[in-house]
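K.L.:
Here's the letter readout for the chains.
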Amino acid sequence: MIVLHIDIGGCEGCSISIFRASSMLKDVEIISKCTAEKEVDLNKSYAIAFVTGSVCINDEEAVEKLKLVRKNCKILVAFGSCASVGGITRFCRGGQEPKPEHRTFLPLSSVVKVDYAIPGCPPPPQLIRMFLMLYKRKMLQQLAVFKALSSIRKLSGFDLLDDVVLTGLCIGCGACELSCPTGAIKLIGGRPDLIVEKCIRCGTCYVRCPQGSKLLFRSMEANVNKHKTQFKVVST
Amino acid sequence: MSRRVKLSRRKYCPLVRIGGEAELVVEHDGEKPIKAYFVTRAPVRGFEKMLEGKNPLFVVEAAMRICGICHAAHAIAACEAIEHAVGIMPPRDGLLLREAIGLINRAQSHLLQEIMVLPDMLKKPVREKIFRKLVKLFNDVCSLLLKVGGAPTHPSFLTIGGILKKPAEASFNEAENLIKGIVKEYSEVKDILLDESNWTELFTSLNEIDVSVDKLVSHFFYGDRYNIEVEGITTLRRSGSDVYRESTSNIALYKGKIVEVGPRARLEVYFFKKMKGLSGIQKARIIETDLVLRRVDEILSEVDISAPLRARELVFGKGAGVGVYEAPRGVLVHKVELNEEGRVKKYEIITPTMFNIPVMEKAVTMVSLNAVETIPRIFDPCIPCSTHLIRVRR
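Residue numbers (the working numbering), protein chains in the order written: chain A, 1 to 236; chain B, 1 to 394.
Among the hints, erroneous ones may be present.
[Said to hold, decoys possible] In silico lysine to aspartate or glutamate, EDC-like type, Cα no more than 20 angstroms apart, as pairs:
#: 1; chain 1: B; residue 1: LYS123; chain 2: A; residue 2: GLU37
#: 2; chain 1: B; residue 1: LYS11; chain 2: A; residue 2: ASP41
#: 3; chain 1: B; residue 1: LYS11; chain 2: A; residue 2: GLU39
#: 4; chain 1: B; residue 1: LYS11; chain 2: A; residue 2: GLU37
#: 5; chain 1: B; residue 1: LYS136; chain 2: A; residue 2: GLU29
#: 6; chain 1: A; residue 1: LYS38; chain 2: B; residue 2: GLU23
#: 7; chain 1: B; residue 1: LYS165; chain 2: A; residue 2: ASP193
#: 8; chain 1: A; residue 1: LYS38; chain 2: B; residue 2: ASP120
#: 9; chain 1: B; residue 1: LYS318; chain 2: A; residue 2: GLU197
#: 10; chain 1: B; residue 1: LYS166; chain 2: A; residue 2: GLU177
#: 11; chain 1: A; residue 1: LYS33; chain 2: B; residue 2: GLU23
#: 12; chain 1: A; residue 1: LYS33; chain 2: B; residue 2: GLU128
#: 13; chain 1: B; residue 1: LYS165; chain 2: A; residue 2: GLU177
#: 14; chain 1: A; residue 1: LYS65; chain 2: B; residue 2: GLU23
#: 15; chain 1: B; residue 1: LYS54; chain 2: A; residue 2: GLU197
In case anyone wonders, no lab produced these hints; they're calculated from the structure.
Using the sequences and the hints, build the whole thing.
P.N.:
Here it is in structure tokens:
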């Protein structure tokens, strides 16, 4: 299997994760500028593309590059929090030389159709190995949470509070506290408390939350059903 | 799409095997380079602007994410700047652990660069074997950073005042054993990398070519704001060519002059080792990786993790501070001004790549056309770092 990796505008942390994964993979070749001998040809077709970094919609070149990769790849995976849900780039506000117009950084799904999204800051290399193994064996049901995430455009500790804690769904398991990369979540009285100034909007807590991931499946099913209903209306 | 003025004697080289997206544009006479431009194309995320109005705790988490390669360096420089601004002094063991985390990141970054430069440096027969050894070492160093720093990328234990969380004792003991194995294995790899009989012809030819510029360095293992004149650093956006129009990074000068920063500068100033030739920069990096791993071993044996690791009181208020730290690529400076509430009023960052860009461009003009792409790899530029920042100064 040949997998393409490109970075659109990230910190390269997710690129390092992909590089580390490449040494753990059998029968998979990752084409990436980190290890390529010459420029990677984006005009070729690839089965899977892992795209890291969020897309700056004020940078025409970055947007065109992303669209080209989407056109030429069967499956596009938004890898890392910036690519999936925006991550730290959600705080970008532009105004900085030499390109003050670079103001708005969005998750990839805002510009192109994304097949799977894997948040994390960065996601560990083991997750790439698991993803590719399940994909190769066509065990797509096991990848449902990443499929559900592909249409989510924002996810943070605030969403965890709003959707899980304040609705009474939280079971106090502590998965959010363990998974937070900045230590922004602490359990107080058996429920997560968010240290607001440490939340970098990576979405990891929500994905790891057993209730949060159920909510993601439900929103995916609701979207699918809505599409089916609309189709029925159009066809009659 | 980008509007380039294509001239017949211009070679456009999109660079691979460096940290980020960049291109080398070389004007030549058909035989040798006349002028070179190092053009970065990554979008400007604008961390200096992003941090305005933010709480200092957020500053450290965000600054780390400027770069996924030299993450700890930015976190430490940010911590140093804020601590200087409000007068916080971390306890001794907290500082030791912070030094260790920074050095593990330095080794991690150097190992990645050594992997990426292998096709330029080593002959094919020995390259594959060394590639596998370096990748294993890289993964081991990542495991070490997970145990000592909290994560292999963006180590969460780094915080203002010292260390956020005490490493688990079992994990720390594993780290003490792991570093000893890493030191031994790297020492063997180092000897093979430094053996010039294993080098390619291209790399050997770089022994005789060099750029003669002054070196700037503040410390060997950590950083020292009092060792350099921070006010002597200026940054500017270059002009004079259509090529610069599309570039997303500026350059930095020290007292108006181009200076080299990084491993060779550190080794020459602190160990009096003169590393001649452009290949000397790579040799310096390899030697430094060995020294740094040995220092980490020393720290992990010396540090007392049961002692206080973080300053007891953190009070944020009005102040201004500077953090100077030796990142893997060289001198890194973070400057902060805090308002009455202790939130960021102004933030500036000067990265080592900004110093090295003009040195790199000068070096490219000294080699043959077929060797130009190797030169940026030897200088190890970090594009995420150099495209986030710097206000134009006059």
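K.L.:
Now, for every hint given, state plainly whether the structure supports it.
P.N.:
Against the structure, the hints come out as follows:
1. B:LYS123 / A:GLU37: Distance ~14 angstroms between LYS123 (chain B) and GLU37 (chain A) Cα, so the pair holds.
2. B:LYS11 / A:ASP41: holds (18 angstroms)
3. B:LYS11 / A:GLU39: holds (14 angstroms)
4. B:LYS11 / A:GLU37: OK: LYS11 (chain B) and GLU37 (chain A) at ~18 angstroms, within 20 angstroms.
5. B:LYS136 / A:GLU29: holds (18 angstroms)
6. A:LYS38 / B:GLU23: holds (12 angstroms)
7. B:LYS165 / A:ASP193: holds (18 angstroms)
8. A:LYS38 / B:ASP120: holds (12 angstroms)
9. B:LYS318 / A:GLU197: holds (18 angstroms)
10. B:LYS166 / A:GLU177: holds (16 angstroms)
11. A:LYS33 / B:GLU23: Given pair LYS33 (chain A), GLU23 (chain B) holds - Cα atoms ~12 angstroms apart, limit 20 angstroms.
12. A:LYS33 / B:GLU128: Status holds; Cα separation ~18 angstroms.
13. B:LYS165 / A:GLU177: holds (14 angstroms)
14. A:LYS65 / B:GLU23: Distance ~16 angstroms between LYS65 (chain A) and GLU23 (chain B) Cα, so the pair holds.
15. B:LYS54 / A:GLU197: Given that 20 angstroms is the threshold and the Cα spacing comes to 8 angstroms, the pair holds.
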